[in-house]
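In order, the protein sequence lines correspond to chains A and B. Residues 1 to 134 (this note's numbering) are what the first sequence spells out, left to right. Residues 1 to 134 (this note's numbering) are what the second sequence spells out, left to right.
Careful: at least some of the hints might be erroneous.
Stated by the list, open to error - Only pairs whose alpha carbons sit at most 35 Å apart, straight line, appear in this in silico DSBU-like list of lysine-lysine: (1) K2/B with K2/A; (2) K108/B with K43/B; (3) K72/A with K134/B; (4) K73/B with K73/A.
To be verified - Chain A regions said to be covered by chain B (calculated; three or more residues, Cβ under 8 Å): (5) 1-7; (6) 19-33; (7) 40-52; (8) 86-100; (9) 103-115.
The set of hints was computed from the structure by calculation and includes no laboratory data. Computed from a predicted model, the values in this text were never measured in an experiment. Idealized CB from N, CA, C, for every residue including glycine.
Number of protein chains: 2
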Amino acid sequence: MKLKHIEHIGIAVKDINESIKFYEDILGLKCYAIEEVADQKVKTAFFKLGDTKIELLESTDPEGPIGKFIEKKGEGVHHIAYAVEGIESALAVLEDKGIRLIDQKPRKGAEGLDIAFLHPKSTHGVLSELCEKK
Amino acid sequence: MKLKHIEHIGIAVKDINESIKFYEDILGLKCYAIEEVADQKVKTAFFKLGDTKIELLESTDPEGPIGKFIEKKGEGVHHIAYAVEGIESALAVLEDKGIRLIDQKPRKGAEGLDIAFLHPKSTHGVLSELCEKK
């Protein structure tokens, strides 16, 4: 499996508009897209820095994964996503090595990427995602 | 303030040797340095991916910041570090904008970088670090 770079860092926030202000006005980044991913019950905002994006995630439903994460751990980094070549074969290799997959096969995520999550119980506590732009 | 890229992602782990195995054997990265930072009561391991590093952090003391973090939140992403040009002036600008600084002026971190942390209460829950290689 060949990871290319860190595609994005997903950050769970309570109020996406307040957080966008921080990343724009304080850190000087530029939000280039806001997108709702109904499937994941989140509203997302994207910033680009080098070859990595910052993806802010606000829950649109307290019972969604981000709502539950914030209830348990508070705001903070929710996941790390790696850009990979050949996501299907990467998932097969990981499963062979005993990694617990949340997604057995890729599904569509934000920005039209093929994505799949690995379970944090298999990744030393960091919810990890593979992404591929096809 | 001009951020250049994400310098590293700091990840709190219970057992650095077990976690190194995950990043090497499963994700295919290569640990290129292990360093103890006595000041921070941590042992660190570094991996490079694109222009960003992954920094694993194992506490060498349960009362150190990583030990306390894991006790409270479990293993996971501890901080995000941004590469910046002109760290002293960046800190002055941030303080002017009302950001709470953990380090009023830069100090030496791992790999000889000048570093300073911003308080997560000012950064929407993400402990954030500025770094500069001088």
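Do the hints match the structure? See the list:
no., hint, verdict
1, K2/B with K2/A, "31 Å, holds"
2, K108/B with K43/B, "15 Å, holds"
3, K72/A with K134/B, "40 Å, violated"
4, K73/B with K73/A, "6 Å, holds"
5, 1-7, "holds (count 6)"
6, 19-33, "holds (count 7)"
7, 40-52, "holds (count 4)"
8, 86-100, "holds (count 3)"
9, 103-115, "violated (count 0)"
In this structure, the earlier hints numbered 3 and 9 are contradicted, and the remaining ones agree with it.
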